[in-house]
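Please dock the two separately framed chains into a single complex, following the hints provided.
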Amino acid sequence: EDQVTQSPEALRLQEGESSSLNCSYTVSGLRGLFWYRQDPGKGPEFLFTLYSAGEEKEKERLKATLTKKESFLHITAPKPEDSATYLCAVQASNTGKLIFGQGTTLQVKP
Amino acid sequence: DGGITQSPKYLFRKEGQNVTLSCEQNLNHDAMYWYRQDPGQGLRLIYYSQIVNDFQKGDIAEGYSVSREKKESFPLTVTSAQKNPTAFYLCASSSSGRVGETQYFGPGTRLLVL
Numbered sequence: 004e005d006q007v008t009q010s011p012e013a014l015r016l017q018e019g020e021s022s023s024l025n026c027s028y029t030v031s032g033l034r035g036l037f038w039y040r041q042d043p044g045k046g047p048e049f050l051f052t053l054y055s056a057g058e059e060k061e062k063e064r065l066k067a068t069l070t071k072k073e074s075f076l077h078i079t080a081p082k083p084e085d086s087a088t089y090l091c092a093v094q095a096s097n098t099g100k101l102i103f104g105q106g107t108t109l110q111v112k113p
Numbered sequence: 072d073g074g075i076t077q078s079p080k081y082l083f084r085k086e087g088q089n090v091t092l093s094c095e096q097n098l099n100h101d102a103m104y105w106y107r108q109d110p111g112q113g114l115r116l117i118y119y120s121q122i123v124n125d126f127q128k129g130d131i132a133e134g135y136s137v138s139r140e141k142k143e144s145f146p147l148t149v150t151s152a153q154k155n156p157t158a159f160y161l162c163a164s165s166s167s168g169r170v171g172e173t174q175y176f177g178p179g180t181r182l183l184v185l
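Quick note, the sequences are listed as chains B and D, same order.
Per my numbering, the first sequence starts with residue 4, numbered consecutively.
Per my numbering, the second sequence starts with residue 72, numbered consecutively.
Be careful, since some hints might not be right.
Said to hold, decoys possible - Computed far set for chain D versus chain B, every beta-carbon distance over 12 angstroms:
| hint | residue |
| --- | --- |
| 1 | K85 |
| 2 | N97 |
| 3 | N124 |
| 4 | V184 |
| 5 | L185 |
Unchecked claim - Covered by chain D, per the in silico footprint, the following chain B stretches (three or more residues, Cβ under 8 angstroms):
| hint | region |
| --- | --- |
| 6 | 29 to 39 |
| 7 | 44 to 51 |
| 8 | 90 to 101 |
Think of the hints as simulated: they come from the structure by calculation, not from any bench.
These numbers were taken from a predicted model, which means no experiment stands behind them.
We treat Cβ as the ideally placed atom computed from N, Cα and C, and that holds for glycine.
Excised from the complex, chain D in its bound form (with noise of 0.2 angstroms):
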């Protein structure tokens, strides 16, 4: 089956941990998105991917990095800059990232701050 795979389900940071979360798509998409999930808050985006070994920031990219090695990977690394990490985190691709196209999401990551 196609589609968008995240882990871990839930991850625990401690004060001043890097953390990094994995996303794999099977879908053949070029396109690759990381999203930021807050109670009462539309979803943010993160970072985004059209190519690989290329990523744009985007909104709320502080505290963040990313790396597009593969085009089926696209992990987040939440570092310890990012003051208020505890959040659901969604990664999302479409097929080629033109304007338009729908994104499909992976199940999310809950990071939690121990």
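In isolation and in its complexed conformation, chain B is listed as follows (with noise of 0.2 angstroms):
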């Protein structure tokens, strides 16, 4: 069964703390990863998309990267206002539907 797990569920940091968010997955046939990001009633907003193992995306203080099994969302450096929920999401090829992970909610304190 396709499946997507994300950790840690919540993660609180100090302004300037790097760290990494995790997202592990088991599908048949990834054809994408999807980041997004989402602030406290909002609609997810796109970060990255990977396609395949080794690829890496960065965009300010984040980088997304890819293995077989799973993708790191690095942040370096962070700042209060990078605080939200990080949703992961992957598409397999038999299904073509996108399978959510449950997010990471990360808190950045100043």
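Structure, rendered in structure tokens:
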């Protein structure tokens, strides 16, 4: 069964304290792994798409990486405005549907 | 500005009532989707449409209905058959619906039961 697990569920960081969020997946034929940011009461905002193991993408303080079993979202020197829930989703070739993890809620304290 | 709009932001449903959530996009996307988000759970697919006048059930379609009469619009009706409708509803779209495409989301509608 296709599955996505994100860890940790919640993460508290001090401003400037770098860390990583994990997205582990099992899927038949990965066709894309997607990272979104979601603020409370709002829709998810697209961050990155990764398609193959070894691929990396960066945007400001965020860097997403992909292996054959998991993806990491690295946050370098976070700021309070990076506080949000980060969602990971995978798309399998057999169904074409997006399968979402439960998300990691990040809180960055000044 | 191109984007996806959803209305209303909040919606209240009485027992036995059908309610309709609006989703409009001006991105010229062919594919549109409806998801439901509950606390502590990942987003779950309700319905999707890749072309006008055609749509398919997702993983949790029971108690919901949709229509796709125009490319820009994909309304979702929550019927009285949906016994646990309280949730955050998200509409999304993608260019053609092909596998590997990025889906872009609207701001969401929160449905509450009176």
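Verification of the hints:
1. The Cβ of K85/D sits about 23 angstroms from the closest Cβ of chain B, beyond the 12 angstroms cut-off, so the non-interface label holds.
2. Separation of N97/D from chain B is adequate, the least Cβ-Cβ distance of about 16 angstroms exceeding the 12 angstroms criterion.
3. At roughly 20 angstroms from the closest C-beta of chain B, the C-beta of N124/D stays outside 12 angstroms, upholding its exclusion from the interface.
4. The non-interface label for V184/D is consistent with chain B: the shortest C-beta to C-beta separation is roughly 18 angstroms, beyond 12 angstroms.
5. No Cβ of chain B approaches the Cβ of L185/D within 12 angstroms, the least distance being about 20 angstroms, so the stated non-interface status holds.
6. With a threshold of 8 angstroms between beta carbons, the proposed coverage of the region 29 to 39 of chain B by chain D holds, since 4 of its residues qualify and at least three are required.
7. With a threshold of 8 angstroms between beta carbons, the proposed coverage of the region 44 to 51 of chain B by chain D holds, since 6 of its residues qualify and at least three are required.
8. Counting residues of the region 90 to 101 of chain B whose beta carbon lies closer than 8 angstroms to any beta carbon of chain D gives 7, which reaches the threshold of three, so the coverage claim holds.
Hint check: no violations occur; every hint is consistent with the structure.
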